[in-house]
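Asker: Sequence:
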Amino acid sequence: MTLPHLNLYGRFFLLFTVTTILLVVFILLGSFSLSEKEAKKIVYDRHDALYEIMAKLVAGPIDIKKLKVEAKKNRVEIQITRGTQHWNTGGKLPTITVLQENSTPLGKIYFTKVGAKYFVYTISNNTTIVVTSQIANLIVYSNGLTLWPWFAALCVLLISYKVLNSQLKPINTAINSAIQISQGNFKSRIEKHPKNDLSNLTRGLNTMAESIEQLFSSKNELLLSVSHELRSPMARMKVLLALLTHNETVSKLNSEINKMDEIVEQLLESERLKDSHKLVNLETYFLPNVLTGILDSFDNNSALRVEGTIPEIAIDIDFGRFKFLIRNLIENALTHSHSSSPVILTCSKESTELFIRVRDFGSGIEAEFLPKIFDPFSQATGVDNRNSQGVGLGLFLCKRIALVHGGELSVSSEIGKGSEFTVTLPIVEHG
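Okay, so the sequence shown: first residue is 1 according to full-length UniProt numbering, each after it adds one.
Honestly, the hints are just simulated from the structure, not real lab data.
For each residue, glycine too, the CB sits at the ideal point set by N, CA and C.
Misleading hints may appear alongside valid ones.
FRET-style restraints, in silico, Cβ to Cβ [stated by the list, open to error]:
1. V250 x S351: 49 to 59 Å
2. R75 x K108: 36 to 46 Å
3. W148 x T352: 57 to 67 Å
4. L240 x T352: 47 to 57 Å
5. G416 x K187: 53 to 63 Å
6. L240 x T309: 42 to 52 Å
7. G107 x R75: 22 to 32 Å
8. P371 x V25: 48 to 58 Å
9. F369 x G204: 40 to 50 Å
10. R203 x Y161: 19 to 29 Å
11. I96 x R75: 18 to 28 Å
12. G204 x L240: 46 to 56 Å
13. R236 x E353: 41 to 51 Å
Let's have the full structure, built from the sequences with the hints guiding it.
Answerer: Encoded structure:
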């Protein structure tokens with residue numbers, strides 16, 4: 001049933017009103033319901049009083065007007081048959097022949113059921129008196145059906161829950177969509193929109209996701225365009241510098257251009273890694289050889305130490321990107337450590353996973369910054385020994401490189417005690 005003319009508040013008000021009314025009705029019916037056996041016992045217990053009342057109705061001439069008043073007052077229907085004469089206070093009731101088919105004698109009174117109605121009747125002064133009660137017909141049921149009002153109340157609750165859930169389901173959909181968008185999935189869209197006020201919410205989220213996607217797309221296109229455009233003039237500057245007489249100024253200019261070139265390459269790499277699984281070039285390497293080569297590139301830096309042994313296993317990696325990942329973590333640790341503090345690299349193999357940890361004993365990273373540390377263009381502030389040379393792309397690229405290898409990059413840190421970055425990579429068994 002659709003009610004397009006009702007707003008969400010109106011629908012909820014109608015649902016709660018109908019549910020409350022039905023529950024009250026069914027609970028009342030369930031509280032006062034009687035089985036046929038219990039109804040017969042009540043009639044039998046009150047046999048004398050009931051018989052006396054019914055006999056008085058036919059003790060003399062029948063006053064149909066008075067009879068109708070009494071019937072209406074007590075919410076009953078009465079039928080009196082004397083010979084060929086019939087008096088009814090309402091509609092025509094079953095004949096005595098029909099009533100006798102399944103009747104149960106309870107003294108001078110008989111109890112029977114015809115269709116869905118219950119009747120009591122008796123014969124006095126050659127007159128048959130039949131009575132059926134509207135209330136009794138509501139609360140007396142066959143012996144196996146006395147629990148139906150409670151079952152009906154349960155059904156009302158279940159149906160109300162289903163209706164309420166269908167009306168509020170778009171809220172859960174909107175929450176899931178918002179979570180997807182907050183995690184960077186700007187292509188997330190809500191496909192089905194409700195036919196109530198919540199459609200404004202779901203359509204609004206789609207519009208917001210489209211706007212954010214366009215905004216980030218424009219930002220990325222700008223970065224890529226600028227990055228590509230910068231490469232040509234930087235290449236020309238390198239050629240021009242090569243033609244100049246080598247001196248300290250030329251050397252410094254060369255160094256700065258190389259840094260700019262590195263930043264541009266990081267920007268381009270960050271975009272390439274978005275389509276990670278298409279571009280990653282995995283090959284099998286012997287882990288100790290790879291890590292030894294990376295460590296040797298630091299010219300035996302005395303602050304850099306390896307604890308434990310490097311597992312002698314083969315791993316599938318994109319060598320260039322893996323080298324960038326480990327080097328960047330070590331360089332960061334060396335940069336952010338105190339001059340007298342060591343940087344420790346450890347490797348361990350657990351089941352089908354490889355763990356590479358880079359630990360420093362520097363000033364650490366603020367807790368509020370940790371959730372954002374892998375975001376692009378982000379740098380922690382207020383930490384001693386933290387320089388501002390980079391643009392905040394290093395750890396962002398490290399994170400993506402770990403992800404394209406099917407692994408993870410995580411960090412734990414404590415102010416005053418240092419930080420530890422952990423690279424987790426899957427180990428593929430080689431025959």
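Asker: Work down the list of hints and note, for each, if the structure agrees.
Answerer: Hints and how they fare:
no.: 1; hint: V250 x S351: 49 to 59 Å; result: holds (54 Å)
no.: 2; hint: R75 x K108: 36 to 46 Å; result: violated (24 Å)
no.: 3; hint: W148 x T352: 57 to 67 Å; result: holds (58 Å)
no.: 4; hint: L240 x T352: 47 to 57 Å; result: holds (53 Å)
no.: 5; hint: G416 x K187: 53 to 63 Å; result: violated (42 Å)
no.: 6; hint: L240 x T309: 42 to 52 Å; result: holds (50 Å)
no.: 7; hint: G107 x R75: 22 to 32 Å; result: holds (24 Å)
no.: 8; hint: P371 x V25: 48 to 58 Å; result: holds (54 Å)
no.: 9; hint: F369 x G204: 40 to 50 Å; result: violated (31 Å)
no.: 10; hint: R203 x Y161: 19 to 29 Å; result: holds (26 Å)
no.: 11; hint: I96 x R75: 18 to 28 Å; result: holds (23 Å)
no.: 12; hint: G204 x L240: 46 to 56 Å; result: holds (54 Å)
no.: 13; hint: R236 x E353: 41 to 51 Å; result: holds (47 Å)
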